[in-house]
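> Take a look at the letters that make up each chain.
2 protein chains.
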Amino acid sequence: MFESAELGRTLDKATYKKEQPKLREALLEAQFALYESKAFPVIVVIGGVDGAGKGETVNALNAWLDPRHIETNAFREPSDEERDRPPMWRFWRALPPKGKLGIFFGSWYTLPILARVEGRGSEDELEQRVDEVNRFERMLADEGALILKFWFHLSKRDQKKRLKRLEKDPKLRWRVTKSDWQRLKIYDRFRTESEHVLRRTDKAHAPWIVVEGLDERYRTVTVARTILDALNRRLAKPNERSKLLAPRPPAAAGKNVLEGLALAKALDKDQYRKALEKYQGALNLLSRDKKFHKRHAVIAVFEGNDAAGKGGAIRRVTEALDARYYRIVPIAAPTDEERAQPYLWRFWRHLPRCGHFTIFDRSWYGRVLVERVEGFAAERDWRRAYSEINDFEEEMAAYGIIVAKFWLAIGKDEQARRFKEREATGHKRHKLTEEDWRNREKWDLYVQAICDMVDRTSTEVAPWTLVEADDKFHARIKVLKTLCGRIERSL
Amino acid sequence: MFESAELGRTLDKATYKKEQPKLREALLEAQFALYESKAFPVIVVIGGVDGAGKGETVNALNAWLDPRHIETNAFREPSDEERDRPPMWRFWRALPPKGKLGIFFGSWYTLPILARVEGRGSEDELEQRVDEVNRFERMLADEGALILKFWFHLSKRDQKKRLKRLEKDPKLRWRVTKSDWQRLKIYDRFRTESEHVLRRTDKAHAPWIVVEGLDERYRTVTVARTILDALNRRLAKPNERSKLLAPRPPAAAGKNVLEGLALAKALDKDQYRKALEKYQGALNLLSRDKKFHKRHAVIAVFEGNDAAGKGGAIRRVTEALDARYYRIVPIAAPTDEERAQPYLWRFWRHLPRCGHFTIFDRSWYGRVLVERVEGFAAERDWRRAYSEINDFEEEMAAYGIIVAKFWLAIGKDEQARRFKEREATGHKRHKLTEEDWRNREKWDLYVQAICDMVDRTSTEVAPWTLVEADDKFHARIKVLKTLCGRIERSL
Numbered sequence: 016m017f018e019s020a021e022l023g024r025t026l027d028k029a030t031y032k033k034e035q036p037k038l039r040e041a042l043l044e045a046q047f048a049l050y051e052s053k054a055f056p057v058i059v060v061i062g063g064v065d066g067a068g069k070g071e072t073v074n075a076l077n078a079w080l081d082p083r084h085i086e087t088n089a090f091r092e093p094s095d096e097e098r099d100r101p102p103m104w105r106f107w108r109a110l111p112p113k114g115k116l117g118i119f120f121g122s123w124y125t126l127p128i129l130a131r132v133e134g135r136g137s138e139d140e141l142e143q144r145v146d147e148v149n150r151f152e153r154m155l156a157d158e159g160a161l162i163l164k165f166w167f168h169l170s171k172r173d174q175k176k177r178l179k180r181l182e183k184d185p186k187l188r189w190r191v192t193k194s195d196w197q198r199l200k201i202y203d204r205f206r207t208e209s210e211h212v213l214r215r216t217d218k219a220h221a222p223w224i225v226v227e228g229l230d231e232r233y234r235t236v237t238v239a240r241t242i243l244d245a246l247n248r249r250l251a252k253p254n255e256r257s258k259l260l261a262p263r264p265p266a267a268a269g270k271n272v273l274e275g276l277a278l279a280k281a282l283d284k285d286q287y288r289k290a291l292e293k294y295q296g297a298l299n300l301l302s303r304d305k306k307f308h309k310r311h312a313v314i315a316v317f318e319g320n321d322a323a324g325k326g327g328a329i330r331r332v333t334e335a336l337d338a339r340y341y342r343i344v345p346i347a348a349p350t351d352e353e354r355a356q357p358y359l360w361r362f363w364r365h366l367p368r369c370g371h372f373t374i375f376d377r378s379w380y381g382r383v384l385v386e387r388v389e390g391f392a393a394e395r396d397w398r399r400a401y402s403e404i405n406d407f408e409e410e411m412a413a414y415g416i417i418v419a420k421f422w423l424a425i426g427k428d429e430q431a432r433r434f435k436e437r438e439a440t441g442h443k444r445h446k447l448t449e450e451d452w453r454n455r456e457k458w459d460l461y462v463q464a465i466c467d468m469v470d471r472t473s474t475e476v477a478p479w480t481l482v483e484a485d486d487k488f489h490a491r492i493k494v495l496k497t498l499c500g501r502i503e504r505s506l
Numbered sequence: 016m017f018e019s020a021e022l023g024r025t026l027d028k029a030t031y032k033k034e035q036p037k038l039r040e041a042l043l044e045a046q047f048a049l050y051e052s053k054a055f056p057v058i059v060v061i062g063g064v065d066g067a068g069k070g071e072t073v074n075a076l077n078a079w080l081d082p083r084h085i086e087t088n089a090f091r092e093p094s095d096e097e098r099d100r101p102p103m104w105r106f107w108r109a110l111p112p113k114g115k116l117g118i119f120f121g122s123w124y125t126l127p128i129l130a131r132v133e134g135r136g137s138e139d140e141l142e143q144r145v146d147e148v149n150r151f152e153r154m155l156a157d158e159g160a161l162i163l164k165f166w167f168h169l170s171k172r173d174q175k176k177r178l179k180r181l182e183k184d185p186k187l188r189w190r191v192t193k194s195d196w197q198r199l200k201i202y203d204r205f206r207t208e209s210e211h212v213l214r215r216t217d218k219a220h221a222p223w224i225v226v227e228g229l230d231e232r233y234r235t236v237t238v239a240r241t242i243l244d245a246l247n248r249r250l251a252k253p254n255e256r257s258k259l260l261a262p263r264p265p266a267a268a269g270k271n272v273l274e275g276l277a278l279a280k281a282l283d284k285d286q287y288r289k290a291l292e293k294y295q296g297a298l299n300l301l302s303r304d305k306k307f308h309k310r311h312a313v314i315a316v317f318e319g320n321d322a323a324g325k326g327g328a329i330r331r332v333t334e335a336l337d338a339r340y341y342r343i344v345p346i347a348a349p350t351d352e353e354r355a356q357p358y359l360w361r362f363w364r365h366l367p368r369c370g371h372f373t374i375f376d377r378s379w380y381g382r383v384l385v386e387r388v389e390g391f392a393a394e395r396d397w398r399r400a401y402s403e404i405n406d407f408e409e410e411m412a413a414y415g416i417i418v419a420k421f422w423l424a425i426g427k428d429e430q431a432r433r434f435k436e437r438e439a440t441g442h443k444r445h446k447l448t449e450e451d452w453r454n455r456e457k458w459d460l461y462v463q464a465i466c467d468m469v470d471r472t473s474t475e476v477a478p479w480t481l482v483e484a485d486d487k488f489h490a491r492i493k494v495l496k497t498l499c500g501r502i503e504r505s506l
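Here the protein sequences come in this chain order: S and R.
With my numbering, the residue at position 265 of the first sequence is 280, and numbering never jumps.
With my numbering, the residue at position 341 of the second sequence is 356, and numbering never jumps.
Source of the hints: derived by calculation from the structure; they are not laboratory data.
Incorrect hints may appear among the rest.
Identical chains blur together in the list; that is why a pair holds if it fits in one copy or across any two.
Derived lysine-lysine pairs resembling DSS-like cross-links, with alpha carbons at most 25 Å apart [said to hold, decoys possible]: (1) Lys306 / Lys193; (2) Lys435 / Lys176; (3) Lys171 / Lys186; (4) Lys309 / Lys193; (5) Lys496 / Lys175; (6) Lys487 / Lys183.
Working from the sequences, and respecting the hints, build out all of it.
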């Protein structure tokens, strides 16, 4: 993969002088068109060996383009707020909004490759990382991002020459440190491992461009021209995203998971009170556990039919918790900052630090429920959401976050009864809108969407709990009991 | 101040049982009205002695109200991202948006009081903190926030009783630690210092409510009722903010700072090239200084007449910097998340960490320039902006951030010339809008606004640099030279 980046390609000064102004102006025009259209974000990943001109090129891009609409992100040691969350959180928070260019200097490639080079981490683990990266970039591309990944290469011989040259120059000697020479020693291993990763992650929607790093003029023009061409191609067809993934077959018709539920399961008041005290007490103890505070967090997702009692169930959970350690995130329409980002961005931003609970009142499942049924999302978008969601939850679980998802199910008759009751009661009136009545007409479509959702996203690491909710007492206790069980098993 | 909170007030069970449901429903209705109107945020500060029921009350509020629209913030040890910024940053980032309730459990009061109690920090320093707090809360109130501050009190005798009672109970014994008894020893000092701070920060727009913490029913109902009353009063008159501060006298008419500028100051190309190399080199060195990376950051603000060459000057600065260490923030219309916050919030969120540069292309001065002249901000709002901005910049400077502000001034004729040139040049066409021509008609109003701005916000810690910009070479060099000088003096 690196052979053609060791040919000693250069760009002579005269050609450069002639080409550079045209290239710059064209780039600036393209960037401005991107900014005006706000159609998609551009994600530029910069990787490669030391001394191959990564920093210089990024600085040149900033000088050539309008730096006001570029966000350059360098990833050094993670901050403690970053360490307290899954590894990908720091990249999600740095994603550029639509219309802007985000340069990732050091990226999701750095750690997986280094781990292998330094002998930490097995081959299997690397494959897993590579898989995750591929799915992440696939998601970005599906969301419309234009992704370009540049790998700056220098041959071992040129690398050595460069260090020697620097050391000779009294003004530049400071730039060469011991670790530079150490890195030269592991050059071959670094080359092997990175070539492997590059090959496995070189995709049409997120291609690697290997850049020969020896000649400054050559590499700058190569990178600039690649960005310009890709940008212009996409601007010409801003809606042409990567091809639709083959849709999965719809879930088998006939019997479904909801039909199997005994919605009427009930507790009497006395049983309820006793169980409530028991499980709220248990949850409180678990939430104060030292191990929990050190290594875990809880994401509790509440979905359910309208009027199924989500609010009441959430309240029985939060009553057991210290207000300092939980946050409820009600999901309504996205803000304009959220609309400028990939769909899952607005959930990533709320991930709790260790020891904390984040409770989502409705969630990312809106994509495959209301957005699917009402047609707010295109079919290709809600279809790919299943696997994106599974990836998202897997990343959380891998970090130690306990992902508990509750579907509160009530029957159609019980829902009608509750709607009427709400219309009659003062402080509950505001909970009922005309939309709620309208949604009932699509009951069967929702059933299909719910069953598909459960079929496709109930995973070992983040299972759905179907909660029979015609009886509120039963529902609340089942939620509390499940939550306690999940935390207990994690500790 | 605490005497009336040592009377042993209680609320009997029967009264509580009768009152509580009504109070709860009224609170919920008021909270819902607040959320629907999105008219203002509610900021509830919780302070006081240990064991006086702070946590229990916050939990009760979360249980009584709709917890989905409450954000409870506890402030423990600052994270490293917080330590890398001025002390108030962590509170700004936690401010609730309009329509929501933010509970600050531990707040901007905690550190100033503790510093005095523990013998760190002089009386003068405390007064300074108190002043800052008063101005911060004044700003919040002016922005429309409803502020309620609760101080939970227990007499020393009751405090001791409480600890002894807990120690006797085998189930609760774990709650009493050594530091609880130590804190009892410094009770008197804590009482004196906090009483002093409370008295000095008790304002009509941000009142302290001292709550006797002995009886759970009494304290919960007291806090809930206080919030309910204040909320309902404000909801009845959502636009009634605190009274207008007496406006400062306008700047003296006649001679002004802009008139004194020799706009035509110029450099020839050769002088420019030499100076550019010199100062960009110096800036590069300074930006890599170890001390700078450890303790300083730069905020550079660029304002100026339309077409004064802000973009070009910024570019000459960033050319000298490593792209990983700067970010340019172009200020355009606020996002909807920003509109739901106090005016300065959208600038606070961009404060750089140590070692970084943040360059604002237009800035918070929009308030007293375009918003004033075009009438986008009410007079009372832009008038109070001067002192709010001075506070903001003082906080940054106190932390070690170098605040450099540049006004790029060109003459009316030179501006006309540049507009016409832009109309003619391809890639500069998009820089010119009809608005630019319209703004020229208000030239004199802008002159008045600029002079007022410089008069009122050019401070020792964050001076304005007026840059004669008819000649671009001169302007760019003056900017670079000034910036270098400012950083040098700080190191």
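> Given a CA cutoff of 25 Å, do Lys487 and Lys183 count as a within-copy pair, a between-copy pair, both, or neither?
The answer is neither: 78 Å in one copy and 39 Å across copies each exceed 25 Å.
> Evaluate Lys496 and Lys175 at a C-alpha cut-off of 25 Å and name the case that applies: within, between, both or neither.
neither (63 Å within a copy, 38 Å between copies)
> If the cutoff is 25 Å on CA atoms, where do Lys309 and Lys193 land: within, between, both or neither? Let me know, please.
between (36 Å within a copy, 23 Å between copies)
> Checking Lys171 and Lys186: alpha-carbon separation at most 25 Å within a copy, between copies, both or neither?
within (24 Å within a copy, 67 Å between copies)
> For Lys435 and Lys176, with the copy left unspecified, which applies at a CA distance of at most 25 Å: within, between, both, or neither?
neither (82 Å within a copy, 52 Å between copies)
> How would you label the pair Lys306, Lys193 (within, between, both, or neither) given a Cα cut-off of 25 Å?
between (40 Å within a copy, 23 Å between copies)
Of the numbered hints stated above, those contradicted by the structure are hints 2, 5, 6, listed in ascending order.
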